[in-house]
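Q: Here are the chains, one letter per residue:
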Amino acid sequence: MIVDLALVGGILALALGVLVARQAFAAVALFIGYGLLLALAWGRLGLMDVALTEAAIGAGLSGVLLLAAARRLSAAPAQEDSPPGRVTRALIGAGCAILTCAVGAAVLLLPDAPPGLAAEVAANQRATALGNPVASVLMAFRGLDTLLESAVLVLAVICTVALAPDQGWAGPPGAPQPQADGPLALLARLLPPLGIVVAAHIFWIGVDAPGGKFQAAAILAAMWLLPWMAGIAPAPPIGTRALRITVAAGPALFIAVGLLGAMLTGAFLAWPSGFEKPLILIVEVALTLSIAAALALLVMGPRT
Amino acid sequence: MSSLLGVAAFAVLLTLLLGLVRVLRGPQAADRIAAAQLLGTTGIAALLLWGAAVGSATHTDLALTLAVLAPFATIAMVRKEPGE
Amino acid sequence: MSLLADAFTVFCVVAGIGFFAAGTAGLLRFPDTGSRLHALTKADHLGLGLIVLGLLPRAEALGGAFRLLAIWGLVLLASAATGPLLARIAQRRDPPA
Amino acid sequence: MTADVYGLLGAVLTGLGLFGMLVRTEPLLRILAFNLLGGGVFLVLGAIARRGAGAGFAADPVPQAIILTGIVVAFAATTIAVALLLRLAARKDDA
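Protein chains in written order, with this note's numbering: chain A, 1 to 304; chain B, 1 to 84; chain C, 1 to 97; chain D, 1 to 95.
Hints listed in this document are in silico derivations from the structure and should not be mistaken for laboratory results.
Every residue gets a Cβ at the ideal spot worked out from N, C-alpha and C, and that includes glycine.
It is possible that some hints are incorrect.
Stated by the list, open to error - From the structure, some residues in chain A lie toward chain B, with a derived Cβ separation under 7 angstroms:
1) Val3
2) Gly17
3) Ala29
4) Leu40
5) Leu67
6) Leu110
7) Pro193
8) Val197
Build the full structure now, drawing on both the sequences and the hints.
A: What follows is the structure, given as structure tokens:
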């Protein structure tokens, strides 16, 4: 309990620090610390799948994205709106305080035995042949959500690419990275093989324990971003067919298998019985690669 | 023994929270990023101790993920700028 | 035997916590960025190393021990690569932020 | 009990994030505040998941899966916002 209160205090301090920070750099550094503590908080709550995702995305990829953005903006700041007046500010504060109280009350007033779906998941989990209940939910019971989510990532990549200037938009994504020397170049060569092993491990244990495709994909994306940032592996042009196929293959395969399920069992995204585990694994591998490529492209940003 | 390890995890977490002060105060960007990196390492240590206390391998996996990805903020900070 | 292993674990973990506390104290108390980085890398390397060492006898099977060592190795590698660069930044174009 | 503490933290973060989004004027800080808001909402969902623990699980897996999906989608939204922001800043340079 003391541990939880200490952690909550730390998270609140960092969140307040982000909001009152004067420089963008400081705010981003605080935000990275916040992501890290949030991952620990998810661990305390016992939501280990979420903790892994937050560690990978919140503490890892976000840092790369936001620090690069802060750096670019410190050179060429963006237009700011005029700050709200004192009265508006007070009104906004009051509104947000009311919102906080309402959400807090909702948390405290939840019924003691909340109506959950845990029992139904437990009852039907054997059918999916996966030991990790969250993976069962993601791939079987709420497969449509997962499909839509991977589609959202593809859409996000398309949006980002579309923000590139008109001439030469099909070129490599992001700004061209200067070549690093010394320790960073060494790290960029040493870490990716190790990271890929870790990603494979996290993916594989995800079948029966917390872990799985999102977490593995975020690690893989980081392992692509590292040599890119060090300037030793320039990104391929957006127009490259292999890149486009990699990004789209996961969702496309998921839809194809879903249609197969519709033909065999009469329901879209239903897994034909007897082949659940191999089919789910194949789709998960394809989704992992697609999500990893999409996440990396998103962090690199549009061509500048 | 496991309760001892739990206490140890709590002690490490306390040093993590003290380190927050440096992230909050700065004054320089390098200070904040370096302190954030220390938060990562301390978090990893706390997770390892806590995982050993409750006998869970998942905590070790979480620490492993952090160990691979926590340095990325620092790397993004120290790399050469485009056009530098 | 298990008593000896437990004593080893306690000793290493306590020493590791000592290094973390020292590193944090240095991070808070030292006057300039350079010496703060120095304090921090000590905690990084030794504190985590001692805790990993202390937990090794308790690791389940070879896989658990391997994972513990991998974590330490990864942190060492990253810290060794970024430390000098961070120090260079601290000395050179240092935007107070 | 643990669930309540983090649920309340989620409520506070939701309010703080919304306040920051509306009051701060720097676009990057608004994006950060949006992420604080998102973290708050996820924590409230997480508290609900923890309270729904049962059937041998540490937490109800259905809200957990929704949070996972939410984190990834929120990250995608953040990257688009950052890309838009950088494009805006670059446009101002041209003009």
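Q: With chain B as the partner, please determine if Val3 of chain A meets the hint condition of a C-beta pair closer than 7 angstroms.
A: holds, 6 angstroms
Q: Checking hints one by one. Is Pro193 of chain A an interface residue toward chain B, by the C-beta closer than 7 angstroms rule?
A: Given a least distance of 12 angstroms, the restraint on Pro193 of chain A is violated.
Q: Closer than 7 angstroms between Cβ atoms is the bar; does Val197 of chain A clear it against chain B? Give me holds or violated.
A: violated, 10 angstroms
Q: Please check whether Leu40 of chain A passes as an interface residue: C-beta within 7 angstroms of a C-beta belonging to chain B.
A: holds, 6 angstroms
Q: Should the interface hint for Gly17 of chain A be scored as holding, given a Cβ-Cβ cut-off of 7 angstroms against chain B?
A: Given a least distance of 5 angstroms, the restraint on Gly17 of chain A holds.
Q: Quick check on Leu110 of chain A please, does its C-beta sit within 7 angstroms of some C-beta on chain B?
A: violated, 26 angstroms
Q: Does the closest beta carbon of chain B sit nearer than 7 angstroms to the beta carbon of Leu67 of chain A?
A: OK, holds: Leu67 of chain A within 7 angstroms of chain B, min 4 angstroms.
Q: Less than 7 angstroms between beta-carbons is the criterion; does Ala29 of chain A satisfy it with respect to chain B?
A: holds, 4 angstroms
The structure does not agree with the numbered hints 6, 7 and 8 stated previously, though it agrees with the rest.
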